[in-house]
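**Student:** So the sequence lines, in the order shown, correspond to chains A, B, C and D.
Everything in the first sequence is counted per the working numbering, starting at 1 for the first residue and increasing by one.
Everything in the second sequence is counted per the working numbering, starting at 1001 for the first residue and increasing by one.
Everything in the third sequence is counted per the working numbering, starting at 2001 for the first residue and increasing by one.
Everything in the fourth sequence is counted per the working numbering, starting at 3001 for the first residue and increasing by one.
No lab work stands behind these hints: they were computed from the structure.
It should be emphasised that the depicted structure is a prediction, and the values quoted were computed from it without experimental measurement.
Any given hint could turn out to be false.
[As the list claims (entries may be wrong)] Simulated crosslink set (EDC-like; lysine to aspartate or glutamate; CA at most 20 Å straight-line):
no., chain 1, residue 1, chain 2, residue 2
1, C, K2342, B, D1404
2, B, K1481, B, E1540
3, B, K1412, B, D1433
4, D, K3342, A, D404
5, A, K448, D, D3316
6, A, K448, A, E417
7, D, K3342, A, D258
8, D, K3342, A, E417
9, C, K2342, B, D1265
10, D, K3147, D, E3167
11, A, K481, A, E470
12, C, K2147, A, D246
13, D, K3342, A, E470
14, B, K1481, B, D1435
15, C, K2342, B, D1258
16, D, K3147, D, E3225
17, D, K3277, D, E3302
18, C, K2342, B, E1540
19, B, K1412, B, E1399
20, D, K3342, A, D265
21, C, K2342, B, D1403
22, B, K1448, C, E2296
[As the list claims (entries may be wrong)] To spell it out: a stretch of chain D is covered by chain C in this simulated footprint if at least three of its residues, at any positions, have a beta carbon under 8 Å from a beta carbon of chain C; those stretches are:
no., region
23, 3013 to 3024
24, 3178 to 3186
25, 3284 to 3293
Where is the CB? At the ideal position from N, CA and C, for every residue including glycine.
One letter stands for each residue in the lines below.
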Amino acid sequence: MPGSSAAPARVNDFTIRFANVNGSGSASANSLILKAICRMGVPVVGKNFFPSNIQGLPAWYEIRVTRAGWRARGASVDLLVAMNAETYARDLADVAPGGWLVYDSSWPQELLHSRADVQALGVPLAELCTEHFEGGRTRTLMKNVMYAGVLAALVDLDPAVLRGLLDESFARQQRLRDTNVRALETGYQWARAHWSCPLPLRVERMEATRGQVLIDGNTAAALGCLYAGATVGAWYPITPSTSLMDAFRGFCAQYRVDPATGRHDYVILQAEDELAAIGIVIGAAWNGARAFTPTSGPGISLMQEFLGLAYYAEVPAVIFDVQRVGPSTGMPTRTQQCDLLACAWASHGDTRHVLLFPDSPAECFTMAVQAFDLAERLQTPVFVLSDLDIGMNDWLTPELTWDDGYRPDRGKLLSAEQVAALTTKFHRYLDPDGDGIPYRTLPGVSPKAAYFTRGSGHNRLGAYTEDSAEYQDVMDRLARKFRTAATLVPPALSDGQGASLGLVSFGSCDAPVREALAELRAGGLAIDYLRVRAFPFGTEVEEFLAAHAALFVVEQNRDAQLRSLLTLATAVDKRRLFSILHYDGLPMRARCIVDGVRAVLAEGVQA
Amino acid sequence: MPGSSAAPARVNDFTIRFANVNGSGSASANSLILKAICRMGVPVVGKNFFPSNIQGLPAWYEIRVTRAGWRARGASVDLLVAMNAETYARDLADVAPGGWLVYDSSWPQELLHSRADVQALGVPLAELCTEHFEGGRTRTLMKNVMYAGVLAALVDLDPAVLRGLLDESFARQQRLRDTNVRALETGYQWARAHWSCPLPLRVERMEATRGQVLIDGNTAAALGCLYAGATVGAWYPITPSTSLMDAFRGFCAQYRVDPATGRHDYVILQAEDELAAIGIVIGAAWNGARAFTPTSGPGISLMQEFLGLAYYAEVPAVIFDVQRVGPSTGMPTRTQQCDLLACAWASHGDTRHVLLFPDSPAECFTMAVQAFDLAERLQTPVFVLSDLDIGMNDWLTPELTWDDGYRPDRGKLLSAEQVAALTTKFHRYLDPDGDGIPYRTLPGVSPKAAYFTRGSGHNRLGAYTEDSAEYQDVMDRLARKFRTAATLVPPALSDGQGASLGLVSFGSCDAPVREALAELRAGGLAIDYLRVRAFPFGTEVEEFLAAHAALFVVEQNRDAQLRSLLTLATAVDKRRLFSILHYDGLPMRARCIVDGVRAVLAEGVQA
Amino acid sequence: MSFLPKPKVAHPGLPLNALGLNRRDYEGVMSTLCAGCGHDSVTAAIVQACFELELPPHNVVKFSGIGCSSKTTAYFVAGAHGFNAVHGRMPSIASGAHAANRHLHSIGVSGDGDSLSIGLGQLAHVIRRNPRMLYLIENNGVYGLTKGQFSASADVGTRSRRGDVNEQRPLDPVLLALALGAPFVARGFSGDREQLVPLLKAGLSSGGFALIDVLSPCVTFNDHEGSTKSYAYVREHREAPVALDYIAPRRAIEASYAAGEVLPVTLHDGSRVLLRKLEPDYDPTDRTRAAAFVQERALANEYVTGLIYMEPERRDFHTRHNTADAALNALPFARLCPGAGKLAEILREFR
Amino acid sequence: MSFLPKPKVAHPGLPLNALGLNRRDYEGVMSTLCAGCGHDSVTAAIVQACFELELPPHNVVKFSGIGCSSKTTAYFVAGAHGFNAVHGRMPSIASGAHAANRHLHSIGVSGDGDSLSIGLGQLAHVIRRNPRMLYLIENNGVYGLTKGQFSASADVGTRSRRGDVNEQRPLDPVLLALALGAPFVARGFSGDREQLVPLLKAGLSSGGFALIDVLSPCVTFNDHEGSTKSYAYVREHREAPVALDYIAPRRAIEASYAAGEVLPVTLHDGSRVLLRKLEPDYDPTDRTRAAAFVQERALANEYVTGLIYMEPERRDFHTRHNTADAALNALPFARLCPGAGKLAEILREFR
Ligand SMILES: Cc1ncc(C[n+]2csc(CCOP(=O)(O)OP(=O)(O)O)c2C)c(N)n1
Ligand SMILES: Cc1ncc(C[n+]2csc(CCOP(=O)(O)OP(=O)(O)O)c2C)c(N)n1
Ligand code: SF4
Ligand code: SF4
Ligand SMILES: [Mg+2]
Ligand SMILES: [Mg+2]
């Protein structure tokens, strides 16, 4: 019986996993629970593991309740809600010793195995649903809400919070609301009637989530595009980036439609493929609109030729690469950080690109805005490299803020007045300011502003050339511009100083890294941390690397891509860089880093 | 007057440049001269500089006569044949002090400038042509042959050799032959009648070209494809790779058509673009044909997605990247070595590719064959990275040889008998030999051999998977396979040992590097040389790098791409790697390297 | 999260074909598509057609791109090699494989997204190349696998599950194929196996590139009222100008027909199709009129199904390339390599 | 190796248009194409059309891919911004630019290689999007810039300079565009400026996507006897079912015509075209019959030229997207950014 477990009470510090079948409606039940815990003031982490199909395959969802406010995936599964008979055996095997498992006791008994160290709690969900609801579809859907009710009883969620959430969700669908509430109550009451609730794992109100929201990175990035003033979005659907454009469309429908005329202050184009999507973005940005495309690995591969054009012809473009597991089609619904090299050197010839590395939805928002500013300032493509974990999971995030004083940095874009004031003929690729950045103009603005854009050899005046010196002149300026980029991108952030050990990481690794560092430091290890936020690297990266005798580089790919960039683009001696690599497609846990660091140190690295 | 020049006689050691207009038929005259010198037993280097259009723009051709047998471009222009009035001024400016210039004295005088240190020789070519020939087209064409005659007199080419060449070229066109001979003679006689010939710059018979041929890299590569047994070629036309497929088609027409039936033992497909070209190659190679595609930078960019598929699904493919100046469309008729990174990491996700670096047409032939063997042995794409200089210029090359004992290495491809003998079910992605290379089968061979190829997540059995461990298992094996590749690729070659200075280079840099080394060594510098011939690097590269305190890395791109690969893939400390970069699109000269090395040494590098 | 192994139980009662195989021998791994997905019905029809044509499974090769539809190549003929390529680029893979071995039976399965958006160029050019290949577009008007965006074949006014309305005119793959000169163009419906199976068999036997646009509703994202690609709509709004019987080489023509109404056409492999005209005017060998008919019916929101166009005398890929009879991938090396002697001869030109 | 600067001498005698510009003001840098190249004639026709339409040069934008044809955007309207993109992908660049500013006059120039091989997908989809744009295919049946390979529009039997014979059937961009639903489809000939200039003007004024396939012989690689894209062949084998007069908005209709023979159509910008029918049956507003006519004539090896199809009432890109009247690239930031207050509101949903 719950409550009778020998395990010590674990308040606000445990992980629940839901084992579902995709397409069965479990997502809303799981998110209901996540939100409820959050509203009770307790920090949560939600991670969704779903298959690359539409219906009928196993899917999992994990909720970590984390008093300490960690943002990484939980270390173990303490409570498992087994809703998929097919995966029952391996689900059971995954529960931590001393944990609990809730299953549907309507299932045939022969399905069930048991573990001595896991307490299994059967609840006849199917039967209850048949009893309480009519129709197959409703019964299937309500089973999910019902297990939410069961769970509420088991971990002591406030039923009023849950009901409040249902009220909001179904504000305009009273009948549906009632059905949902009934399912919730049924589960809740059944659990309390049959077991002594709550379990030692339970949620207790805190005040730790005030001013925070639960938002995914793609939605946050879309908000960033909206706020940055992007007017043209082009894309080709691809998991896990699709929801970024969906969100942008939603926001535009609300905030970019003239209420009087219904006319749109934006254009969203579903292109025929990624080559066309980036072409549209380049064309629009060349013509002065802020334009972007969200994509993932295969799209990056297809965009290479155009990305080289944009680099060489110096056209702004913003690309969101929501990374998934590669190579090739790989595992489209799993997460990885594996496109750094493909983006940094996208295209043939001598090319270099600017990359931004958000660590969370919050930075997806801010970096989206920065990406547009940088793309226009530098007149070059800028990549925002997020990943499936950031992009598609809801993260507890300090409420996004906006400075109404913000004005877009259009860079060296000459206005009609500026062109009119020119006393000499306008030339496109001069470098009057010595920072490698030329001036540009838009079509239609002035009879004096025309220039010709081409990916073929051109000189500083913008004229076609096959002359060696003229060609090289432009290439050298582009190299200079890239050095300027290093001074403009968001700087790396560091935590700690003076230790001889350092850890360098980026993006979604930040969450597990911080948790790992806490554990390592608690164990007495002095170690500093640098979170890289962009490529090319600023001097602060150089300095951090120089200041540490040994450095761990933590990243989510097989080939140590961040370490490669550090090795090539800084003065660091690569022998001082120790890789900790995680590339199985699931979000990283802190354990992997703690173990990784300790393993290297055990080999006698000089600290 | 020629002959009266104060310059010392320079026998078999000078450079002639022809300044032409493209599309005017000068190519055959220039090649006539190149071949004639070669037949006189004197080593030559021919370099063609042509514009990216079809007709009417300036084009240049250089012939270096090099007693010593150097293979690089000449250091200066000693004799200029100015056939393009439009570029006359800059052509004149390019002549080395003490040099000569031949021009058409039919031109209006006001066109001509002069230099005190250059002797200008006017010959009334246009007038002579009008006098001797009928019809505009013939007159234009014969002007070229006529200047060849003039040149023959000036530098003392054997008229019999020239006539012999014309006899061969026009063996079946007697009238045309006669016209050409007449033009040649006219020029020759005119020169001898008006000047005291030859100049101090002259050609004297040697025996240094016996057993050598003049062949370009694309033709040699096509021969390699023919001899390796390639049966499927797919491509999309792109300069400077087009002539590779043209040559292959020509060879196939001769050696792969059944004389009885006219049926073809090959298929050549002009695809609709490069994405399709590589797709066809992958499909054909997957189905057991040796298949290849020639392309250049933009094609490499477009092939990225498919290249990732071939890496991950483990399908052989041979890609010839005849590099030209990037990024983007760049300068299509200029040479560079700028696609190393784009090829080595082609595609998103964790990918790695095998690259071969021919230094000359001779290696285009041998490496083409090796590429097919490696692609099948390793079941992965193999890139042959040549460049425009190698691919499109005629190089003096020791006669290619063939070992009739050669048998294609089909790698771990199970025959019908081997499949029949299997006692267990066939699985595609096992690693029974521990070298990371699995076994494969072909469709249609046996009812027991079927497997499913996919770019999405798969396990070692070949089944679809989204399981972390199964995915990682395959990725780790692929990494193992890449380590095996390092043991199979052609090893780097070294020259010299024991010096503390080393120079590392590859591909078409070899020619100027060897000449530069001779000069540096003659000046007393001890320096060793390593020519890298493939990526991944074998242990010999590691050893060479380790054995030298300072290393010059010579390459033809802006971003030090070879140095990047060395930095990442070996243990070398990058501070010991000094870049000498040349990226103006023209073939490198030895001077650039000599100066580069001396400049670094002058800065006090530890030798 | 891997597939459930599908139990392969011997069914002693099932009828066998001439190879001694039963229908189930032409199945593949278990489908992971949504219950009711049209694509599963097409898979079943392919199984049936291959079984009836008595194709040796290992002489079949299966190609696809990416999408729900493209997944289905794993669900039929387990004994065949399959290649699930990248999105929209399967035609080039199939072309290359066909170049390497002309003797295999190629079946390509694609979706409307895969073939009409990202893959339109490759589709157009494989049609021009005319390899012997059955090419299916499982056309549902949406991107199923990426959850319901409009595809290029979505009709004007179609409403997505999210509520957006499509305003772009649809591309009709049949009209496109006709304009591109395809030699065999048909349309089927996943819900009508009786019409589809003979079409598949005719396509597989046509000796060239056979394109079949199969309306195959997506029950999850595009089967609601108002969708012209829904089961209900297609069932009601299709028209077949000719009906088709497929006759295997060794069987006598059994169907009795009145001259003038039925057009028997002999296919590449000796099999025949009998075209029974339902519309008296319709001539499936007149490309111009076929296109006009399809276009006219489209204006009336009707889908023309059946065998729409067929050009009996068209040179296929290998005929045009004059390729050897033997598969290129099986030619002995000695036949391919001219040898050392010839090399010296070749090099004489380069002196 | 750079261009010779083209002397821009003032020609006081040249006629001026309403903007006070003369024809030469619509020229660009000097052409580097082969002497006699058809593309140069097309360039001259574009210059003429822009001059006559009185387009302010800086309101014109020029787009192209890669090829001899694609180079020509540098040779006209020097006062316009130009974008010479990558091979075959200009349509997406032009679409994006048009999205950003709907008020510019877009002229795209492409080749048959650029548009029908590598760019076929992009061409098809820009047709579907229907931006206001004049799109020319300078069609010579070869890849000029890469020295004479067959393009997808090369006719069967065409012999290349190297002696190969093309055996693939040609793609006809006109038929393709009709099948893809293009709203304005025409064909011209570089050697007939009288027909071409009004077509260009009508295309530029059509209010949507106007595709003109211009037969433009390549004198270097495809102008020999036996080439169906040679000057001689095209001159002899073309047929124009309708003749076209273009009438600027402010001019009265001058041509006198008999009712029933002439169809006046008002274009987007108020200009009109008068279609004089030469073939009594021909109806340039009936897509199905236009396609049938083109296909029939093609079977007789004839090129139909002139205005082949025109759909007057088709919603263009921005109408369908319901875009604001102002150019998106000129909207004030305050109108685009909802501001801090709204952000708090938006975030309420995420608690
Ligand atoms: C290069 C690339 N871009 C995008 C995707 C994502 N994607 C997968 S399937 C698909 C569309 C499939 O639509 P369709 O071909 O109609 O197949 P259906 O699922 O409807 O059967 C897309 C866009 C991808 N796999 N690869
Ligand atoms: C990606 C890519 N592949 C190949 C090329 C080489 N290329 C340049 S122009 C051209 C064909 C041009 O043919 P077409 O469009 O018909 O123009 P034309 O020269 O005949 O006017 C090709 C293949 C390229 N520039 N980019
Ligand atoms: S989403 Fe649609 S197309 Fe995909 S499996 Fe489900 S029903 Fe079929
Ligand atoms: S090659 Fe042909 S298309 Fe190109 S410029 Fe010359 S004539 Fe024109
Ligand atoms: Mg679909
Ligand atoms: Mg062309």
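**Student:** Of the hints given before, which are not true for this structure?
**Tutor:** 5, 8, 13, 18, 19, 22 and 23
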